[in-house]
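Chains as they are written, first to last, in numbering that gives the first Met the number 0: chain S, 0 to 528; chain A, 0 to 191.
Hints may be right or wrong, so weigh each one.
Straight-line C-alpha distance at most 25 Å; calculated BS3-like pairs for lysine-lysine [said to hold, decoys possible]:
no.	chain 1	residue 1	chain 2	residue 2
1	S	K407	S	K220
2	A	K93	A	K107
3	A	K182	S	K170
4	S	K162	S	K523
5	S	K103	S	K263
6	S	K162	A	K93
Hint data in this document are derived by calculation from the structure and do not stem from the laboratory.
Just so you know, these numbers come straight off a predicted model, no measurement behind them.
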Amino acid sequence: MPRFVVESDVCIIGSGISAAMVAERLAGERNAAIVVVEAGEETDRPAARPALRRRYLEYGESPWTRDHLEGYEVPGIQSRSMQVGGLAMHWGGVTPRFSPEDFKVRSLYGVGTDWPISYDDLDPWYQEAEERIGVAGAQGPPDLDPRGRPFPQAALPLTYNLKLLQEWAAKAGIPMWSQPSAKNSAPYRGRPACCRNDTCFPVCPIGAKYSPDFTWDALRKAGRVRLIPRTVVRRLHADGPSGRITRATALDRASGQEVEFRAKTFVVAGGYVWSSHLLLCSAGGRYPTGLANGSGLVGRYLTGHRNVNGYVSLPLQLFPGMNEQHSLVTKKFMRVPRGDRYLRHDLRIWESSVGREPRLADQTGRLLLGDDLLADWRRRAATGAARVRAYYDVIPDRDSALTLGPRKTAWGDPLPQLDFRDAPESASLREGSEAAIRALFREMARAGGGELLSARSDPFQDHPAGGCRMGSDPSTSVTDAWGRTHDHENLFVAGAPTSVTGGCANGTLTFCALSLRTAAEIGKEFPKR
Amino acid sequence: MKPTRRRFLLGAAALLPLPFVARRFHGLAVRALDPALLRAMAAAILPGELGTDGLERATTEFERWLTGYREGAEVLHGYGSGEIHYAGPSPALKWSSQLAELDAAARKIHGAPFANRSRPERQELVRAALGGVSAGGLPQVDRAPHIALGLLAHFYSSTVAQDLCYDARIGNGTCRPLADSPKRPLPLKQPG
């Protein structure tokens, strides 16, 4: 079958939130023909989302049944994300920045690796990301929450419940404020204000929460990008002497036709799994271990953070369901390690109904029916509960890695396998870190006259990233501080894979900020609009 | 539909788990659910303060839910996992039989239809039917092992039930003005 050729100035592989940031910035300021290639399907139109949400609420059905490809099951992958818009089609929209300390843990604390950029370097890019996706946030105490300019939108207001919980945290000596979120507190860029439908994850029915499809819709409508879905890029090809990437070969899943993408610049924006995977799958010739892999670190230093999640009963009358997915946050514990061991973490508080749900039997085991069940529920709901969670920093190990495994895709490419590992210094601290966080939860409960009901940790590292970490030294990193691969001058990696560490908070805003920096660097090659 | 014919079809459905057969029999089983019996059970096990209209709404919503159930639909992959799961078998077949069994038990014990018994007697019949069910939290609606638990789980996961419990207009899961969120929710019945 003849090969179909698509030519452009910039070829972006992947269509998630990082790709959207790169494309939007480039399209807005440069004259460059941009092609975006997505392996997955088109996403459902916004108009379909109220009905999809209804099915989710009533039956637990997935609103995103087209977010994965058959045969791409990878144990350990955190969530399915192959569709136009990627994982951020069903993210929670929580957008904290990393703390200044996250970027220099080696210099400050003697652990891990410093990033090649500082918080101050990233501050304007954070701001730009917040403006593009529309972050609503409150300025925390400036010493804990430094920022160059105000948030683009006023914070989501604290609910009646969160105001009571904020007072409780204050009694424990913890300043807390409204969690920054990519959810509109007022109409913004053509999208409406949040009306507390409270299904941010998995689907906002009205588009008050940012998702990348809004960016793609606008760019496609304006004719600024060409987005090609259902096309799996299988391999990048480098020119021997120069190392420049000349083409990407792909498969149109619908027709089975081979497609070749030619461009001046290639951007790999496939997230923490598929970016490294593509580079490793592109091995051959002068690059027997994969492209951009002179350091041998492609796929390595996968990073994230662990958490301790707890529930606290409190002598407060709360009304669960006022805006359950919005939380309070503090950065108090990110700044300085507590005690004499390395431990940095964030802290969040949500309203909760845990332990106050309706139940079928009372404490004697008597089955409750009719009025008895409701009366029992009312008695138990007379006081409130809070959910508390701390994400704590994990130093990634070199062998925390994505490698190519023995299983193959339908077209014969090896599937990745993931193995997250804490570096020895983090592994040795894990038990103590989690015990210290549980102790904090107990202190907080006591301060409010309550009780810690439970506390446990998820078995996985949350908000995964890494695999193509950035750095100044080509022997210890895959890309430079702009996401340009050390080995190929026209090959960039955008967003999550370039992260050096996972910090102590959701990474998406940081990935967006990094992607915008990458776009600015790529843009230098093209004339201004 | 005659009971013997219904029993035959339900038995046949149980023997043929093919998805298309299941869909056909799901519809059949939903239609086989006796509306009067369902309402008699609802009046016994749901809170009386719902009143006649509230009970009717809760029951109608439950029937609508059951009608709309899609066996084999992809369910949301949980946070932190990429595994795909699918909705289980329709509970309608089992539930319609259980409802009929409540009536049969009433006739056997009391010599009268379930719907004609007093509320405490109907509750006792439901208790007896739930004898083998481990009582704890309410189950996920579609996994309820008995229709009575399915109805309870459906009602108590509703916005109406939560507002009733808290006597407050929380409106969980509904579109509500953001500006109202800092205020304490208003009581269900405003004074005056």
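So, going through the hints one by one against the coordinates:
For the hint linking S/K407 to S/K220, the alpha-carbon distance of about 37 Å lies beyond 25 Å, and the restraint is violated. A C-alpha spacing of about 21 Å is found between A/K93 and A/K107, which places the hinted pair at or below 25 Å, so the restraint holds. Straight-line distance between C-alpha atoms of A/K182 and S/K170 comes to about 22 Å, which keeps the hinted pair within the 25 Å bound. For the suggested pair S/K162 and S/K523, the alpha carbons sit about 47 Å apart, so the restraint of at most 25 Å is broken.
About 34 Å separates the Cα atoms of S/K103 and S/K263, which puts this hinted pair outside 25 Å; it is violated. For the hint pairing S/K162 with A/K93, the CA-to-CA distance comes to about 46 Å; that exceeds 25 Å, so the pair is violated.
Consistency note: the structure conflicts with the earlier hints numbered 1, 4, 5, 6.
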